[in-house]
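Chains R and X supply the protein sequences, listed in that same order.
Take the first sequence: its position 32, counting from 1, is numbered 32 in the numbering used here, and each next residue is one higher.
Every position in the second sequence, counted from 1, becomes a number in the numbering used here once 167 is added.
Keep in mind the hints are simulated off the structure, nothing from the lab.
Just so it is clear, CB atoms sit at the ideal spot from N, CA and C, and this is done for glycine as well.
Accuracy of the hints is not assured; some may be wrong.
BS3-like, lysine-lysine: derived pairs with alpha carbons at most 27 Å apart [as the list claims (entries may be wrong)]:
no., chain 1, residue 1, chain 2, residue 2
1, X, K230, R, K88
2, X, K498, R, K88
3, X, K265, X, K526
4, X, K412, R, K45
The calculated label-pair distances, taken between Cβ atoms and stated as ranges, are [stated by the list, open to error]:
no., chain 1, residue 1, chain 2, residue 2, range
5, X, H195, R, N33, 42 to 50 Å
6, X, G523, R, L152, 17 to 25 Å
7, R, Y46, X, K450, 34 to 42 Å
8, R, F21, X, Q476, 42 to 50 Å
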Amino acid sequence: MMTQQEIADQLSARFGDDIRFSTFRDQMSAYINKEKLLEVCAFLKYEPTLQFDMLSFVAGVDGLPRKPRFEMVYQLYSTTHIHRFRLKTLVEEEADGWGEIESVTPLWITADWHERETAEMYGIRFLNHPDPRTLLLPEEWTVHPLRKDFPLRGTEQDTPDLPHVVK
Amino acid sequence: MPQPIASQEMSEDTRYTSREMEINLGPHHPSTHGVFRAIVHLDGETVLKAVPYLGYLHRGYEKTCENKHYHQIIPLAERCDYMGASSNSLCLCLTVEKMFDLVIPERAQVIRVMMAELSRIFSHLFWLGTHGHDVGAMTPLFYMLREREEIMDLFELTAGGRLMPNYLRIGGVARDLEEGFLDKLRKFTDHFDGKVDEYETLLTKNPIYMDRTKGVGFLSLQDCIAYGITGPMIRASGLQWDIRKTEPYSGYEDYDFNVPVEDGCDVYARYLVRVAEMRESNKILKQTLNRLVEGPIRTKAPGVTYPPQEEIFTKMEGLIHHFMLVLEGEKVPVGDYYACIESPRGEMGCYIISDGTGKPYRLKWRAPAFVNLQSLGKMSEGCLFGDLIAILSSVDIVLAEVDR
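Kindly produce the complete structure, drawing on both the sequences and the hints.
Have a look at this one:
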């Protein structure tokens, strides 16, 4: 078991200034560049002293009106070393209103459904995702309900009550 | 148009080859435990692929939470996993308390453990009953409901609610235990072990049950980790991992209990683990009865926890604190925190980002059933259609939690 600081030290030893850290209570988060995501994740997973073999969850965050708008959160756990760590990366809104980031499913299969959920809820595209269908929302909805600018009660046009016939 | 699997050129044997068939399972099917739907691709009776379709019970839980005060989330959270209701509120309370850095009084800790373990037994009982039902054993359900009723009576006695007690509060619990609760609980713990023996006579060595479950739904430990499987399912695949032991919360480090583990990796092993867990939970419950000390049931922290009822009626400050808390909610310090507990289904986690206001900026609920269900496709490849039902029930899904 490593402390949060020791994990952070390992990361900065490997990636240097590309990583920033924030601490709250006894937990730390690492902020990385979106381009470095897969590289850092692979390091966290395969480095023998870290071995983050399990991904607890993937979550999106909408930081409106901040820019870049979105934030992705990856909560990691190691079943061998019994320690946790959190990884964060910022995702900007593209011209078409979607965010775009690499999928981490090649490293952790469990990210599949988490990413599908995040994709529909926040409008974030996951590149190289094996199964990019909607998960919880109807296919014909084009809105992203967990965004901060989406009204709490939905709208009659965008989120109709009666379900359409699904093939 | 479904394509025949075998080549059409095999002229004589063509009438024996089967076509791939698509069957819709659910969402209104008793064996799907709610509104789970899967499209199953079959070759004869063999499952080629099972594709889950979710969302029939999606209520926008996370979005609602972002628009509620922290205390208002507690009843919502209990409706997520209604089978282990108190585990949900415990998870939420722990996260908020960690963010405030609160210390919870000993008495409240013990009561919380009591409620959490009762809801674990409650959940496992209902699982066992319906699981038996799914594989064709009708009898167990009636036995389980009998003991489940006792637990519901206990919940009702102390908190009012039978299914969802809504009893925990940030900083402690809502009120002290009702008179007579401890005697009833003691009575329950005394005879419950015998009842578990009774359940085991129905299933554990039942040849029909063993035939239906042994070797069915195989999921190796490696796959478990890859799919993020937690709770009884990963313990049935040979990893002795229980968050109550590895990262203790609510004083679990002081209790003496074992973490049951099996290496069958199949439905039968999951059954054995859950039955053993009921015994362990009962062991913990017995210890809580001896550990229960007199003292306050809620931390005193103005602006964070509700003042006691009599203070609201007799003291100006109490009234003001109560008023402000109801109106504005507790202002959690800016930051983010992830806390998790061992729920009846696995690692239940709550990740909160606070912006310093009375409502969470972002609340992510890590629902164990949601993650565990993901492995259904993997487990059911190549099994028989009847076994798919057994596998699905061995995951122990609560659809309210899967869809949130």
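Here is what the structure says about each hint:
With a C-alpha separation of about 21 Å, the suggested pair X/K230 and R/K88 falls inside the 27 Å cut-off, and the hint holds. Restraint check: the Cα-Cα separation between X/K498 and R/K88 comes to about 24 Å, which is no more than 27 Å; the hinted pair holds. Under the criterion of a C-alpha separation no larger than 27 Å, the hint pairing X/K265 with X/K526 is consistent with the structure, at around 16 Å. Simply put, X/K412 and R/K45 have alpha-carbon atoms about 24 Å apart, close enough for the 27 Å limit, and the pair holds.
X/H195 and R/N33 have their C-beta atoms about 47 Å apart, which keeps the hinted 42 to 50 Å range intact. Checking the proposed 17 to 25 Å range against X/G523 and R/L152 shows it holds: the Cβ atoms sit about 21 Å from each other. In this structure, R/Y46 and X/K450 meet the distance hint of 34 to 42 Å, their C-beta atoms being roughly 40 Å apart. Against the hinted window of 42 to 50 Å, the Cβ-Cβ separation of R/F21 and X/Q476 comes to about 44 Å, which satisfies the hint.
Checked against the numbered hints above, the structure breaks none of them.
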